[in-house]
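Peer 1: Listed here are the chains, written in short residue letters.
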Amino acid sequence: MNHTPDTSTAVGNGRDFDPRQAAALLDQTTQQTRRKLAPAQPWLLAIRAVGVLIVLGACWLNVRGQHPYQGPTSAVGPFVVVFVIANFVATVGVRMRATAGVSGKSRLRPAEITVLALAWIAVFLIIGGMSIAGVSGAAIYTLVPLTVPLILGGLAWAAINAARKDWRPFGVGLGVAVVGAAGLLAGVVAAWAVDGVGLCVVLLGSAAAIVWRQRRSVVRP
Amino acid sequence: MTDELDPLIHVPTRLKIVATLAALPDGDTLSFTRLQDLLGLTPGNLIIQLRKLEEAGYLSTEKTRNGSAQKTTVALTRQGHKALDAYTQALRDLLGGL
Chain A
1 MNHTPDTSTA VGNGRDFDPR QAAALLDQTT QQTRRKLAPA QPWLLAIRAV
51 GVLIVLGACW LNVRGQHPYQ GPTSAVGPFV VVFVIANFVA TVGVRMRATA
101 GVSGKSRLRP AEITVLALAW IAVFLIIGGM SIAGVSGAAI YTLVPLTVPL
151 ILGGLAWAAI NAARKDWRPF GVGLGVAVVG AAGLLAGVVA AWAVDGVGLC
201 VVLLGSAAAI VWRQRRSVVR P
Chain B
1 MTDELDPLIH VPTRLKIVAT LAALPDGDTL SFTRLQDLLG LTPGNLIIQL
51 RKLEEAGYLS TEKTRNGSAQ KTTVALTRQG HKALDAYTQA LRDLLGGL
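Protein chains in written order, with my numbering: chain A, 1 to 221; chain B, 1 to 98.
Hints should not be assumed to be uniformly reliable.
Okay, the calculated bits of chain A under chain B, using three or more residues with CB under 8 angstroms as the criterion [unchecked claim]:
#1 103-116
#2 195-203
Quick list of simulated restraints, FRET-style, between CB atoms [said to hold, decoys possible]:
#3 Ile121/A to Gly67/B: 16 to 22 angstroms
#4 Gly27/B to Ile54/A: 35 to 41 angstroms
#5 Gly77/A to Asn66/B: 43 to 49 angstroms
#6 Gly40/B to Ile85/A: 33 to 39 angstroms
#7 Gly57/B to Ala86/A: 43 to 49 angstroms
#8 Gly171/A to Gln70/B: 38 to 44 angstroms
#9 Ile47/B to Ala162/A: 38 to 44 angstroms
#10 Glu4/B to Val84/A: 53 to 59 angstroms
#11 Ala56/B to Ala86/A: 44 to 50 angstroms
#12 Gly40/B to Arg220/A: 38 to 44 angstroms
#13 Thr72/B to Val50/A: 54 to 60 angstroms
Honestly, the hints are just simulated from the structure, not real lab data.
Ideal Cβ placement from N, Cα and C applies to all residues, glycine included.
Excised from the complex, chain B in its bound form (with noise of 0.2 angstroms):
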């Protein structure tokens, strides 16, 4: 029932990633720290499941050094937008059959 489902983002976690920024407005990018703040992640987890997401080219991160401190912001990419679209046109699809 869920093969038309985007197997990469139907996941609790990486589905919750997808939403939260997708919810950001456009052109905006979240911090790792408030992420991991919204989401109630591990750091490593976090990691693990940022990296699956940028693999598949769904968001970008960029590195930022300011003086001793790195900051981590990311933003989901034009690509990881229309696959949430389409993720979320599944499931009208799907709940609408059932």
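Isolated chain A (complex conformation) (with noise of 0.2 angstroms):
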């Protein structure tokens, strides 16, 4: 649909509304509320598809060549939480705006907090278990955090959004839980470059989901 009426000199009763016209405003609105009401933006998923992929990539490049593994030196540090900041900053300040006036059963509901939290908590038990356990640092400090927070958390995502039938999501969780285990197969040094990777194709895809759902016609099949 590539013709758009303005609607500031729209008739004011339907007499005079042309079908046409009325296809057009009925895509565009639905179009643009689409894109004003979006929690995730795509050009900031975008952006934090290639952060991470820097980020993580910087990282990889950093621990590659050490024998015996040390982890990422510290002047790579300030950039990791740079990006953290920036991204927990930017997410949260794009979905209050995005979600302002809107109530109800797309918001998140203290059950499936919940269970994003004890996702999280599990995460700290495993490090736990590991270090009481006796297992090496390079897994405890590197290879966990890296990879088990993305499996727990992708799959307590994938399971919150199947309950709500929301697909996007749902690919969204799966896709980041894949990323980290396939982290955790690669090894501790690979994990660093298989999360950069894969969790900026995952980020992309998540973005290219949304514009596509956004533009997509809802009169034209």
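Grab the two chains, each in its own frame, and use the hints to assemble them into the complex.
Peer 2: Shown next, in the form of structure tokens:
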């Protein structure tokens, strides 16, 4: 639908309201509303995808020649911290702006928040359990924090959205969990690269799915 | 040519209201002020159009009071969703024949 009517001059009653104008207005309004109310904005997901690729890629370049493994040097640390904080602030800000005035079922319910919180608590329990069992430092302080939160958090998010029958975030959750599992299998050095590339792909796929849904015509099947 | 189109929806302002509310996720409601902001309508005009749609059973409004502030939320009813689906199908049929 290429033609978009100027609604400011549109007629005040339906008598002279052409069906073509109506179809264009219906599509335009639906697409605008979907865009403005989307809690996950495609541009933010795309920036996050590039950011995660750069940050985790830099960590991988930093550790790939290490024998034995010692972890990223302190030079990389500030970039990771800045990325995490900027990502958090941008995500919360965009979400609050998009969902202002919206209430109802799309908001997370207490039971769903509990499931997500339990997934995070489980990560700390696993790390604590491994530490007590005497597992090596590289596994506890790099491999598990890099992969297990993705697996558990991704699965929890997928389960919540499967119950809601909301298939895009379900796919994102499942994708994140698969990336985490692949990172776990890849080992402590390669996990940085697997996470970076995998999360970048998942985020770009999610952004593309949102753009497709927002631009899909309501009138033209 | 437009006889098949629901006259209650086939008015630009009301079509925008119904399309906006239909784009919300299932079970969600929108505050009056956010709806007004999205549509760029004056409060008076929006109230008149909402009243017509509510009288037809196409949408429901709920007023809640939080201290001195009153908040009005709006949502499309099942009947409103059905009416928009029928309207959209009628538009498709008309445009397919053009």
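Peer 1: Next, verify each hint and record whether it holds.
Peer 2: Evaluation of the provided hints:
{"no.": "1", "hint": "103-116", "verdict": "holds (count 4)"}
{"no.": "2", "hint": "195-203", "verdict": "violated (count 0)"}
{"no.": "3", "hint": "Ile121/A to Gly67/B: 16 to 22 angstroms", "verdict": "violated, 36 angstroms"}
{"no.": "4", "hint": "Gly27/B to Ile54/A: 35 to 41 angstroms", "verdict": "holds, 39 angstroms"}
{"no.": "5", "hint": "Gly77/A to Asn66/B: 43 to 49 angstroms", "verdict": "holds, 44 angstroms"}
{"no.": "6", "hint": "Gly40/B to Ile85/A: 33 to 39 angstroms", "verdict": "holds, 35 angstroms"}
{"no.": "7", "hint": "Gly57/B to Ala86/A: 43 to 49 angstroms", "verdict": "holds, 47 angstroms"}
{"no.": "8", "hint": "Gly171/A to Gln70/B: 38 to 44 angstroms", "verdict": "holds, 40 angstroms"}
{"no.": "9", "hint": "Ile47/B to Ala162/A: 38 to 44 angstroms", "verdict": "holds, 40 angstroms"}
{"no.": "10", "hint": "Glu4/B to Val84/A: 53 to 59 angstroms", "verdict": "holds, 55 angstroms"}
{"no.": "11", "hint": "Ala56/B to Ala86/A: 44 to 50 angstroms", "verdict": "holds, 48 angstroms"}
{"no.": "12", "hint": "Gly40/B to Arg220/A: 38 to 44 angstroms", "verdict": "violated, 25 angstroms"}
{"no.": "13", "hint": "Thr72/B to Val50/A: 54 to 60 angstroms", "verdict": "violated, 41 angstroms"}
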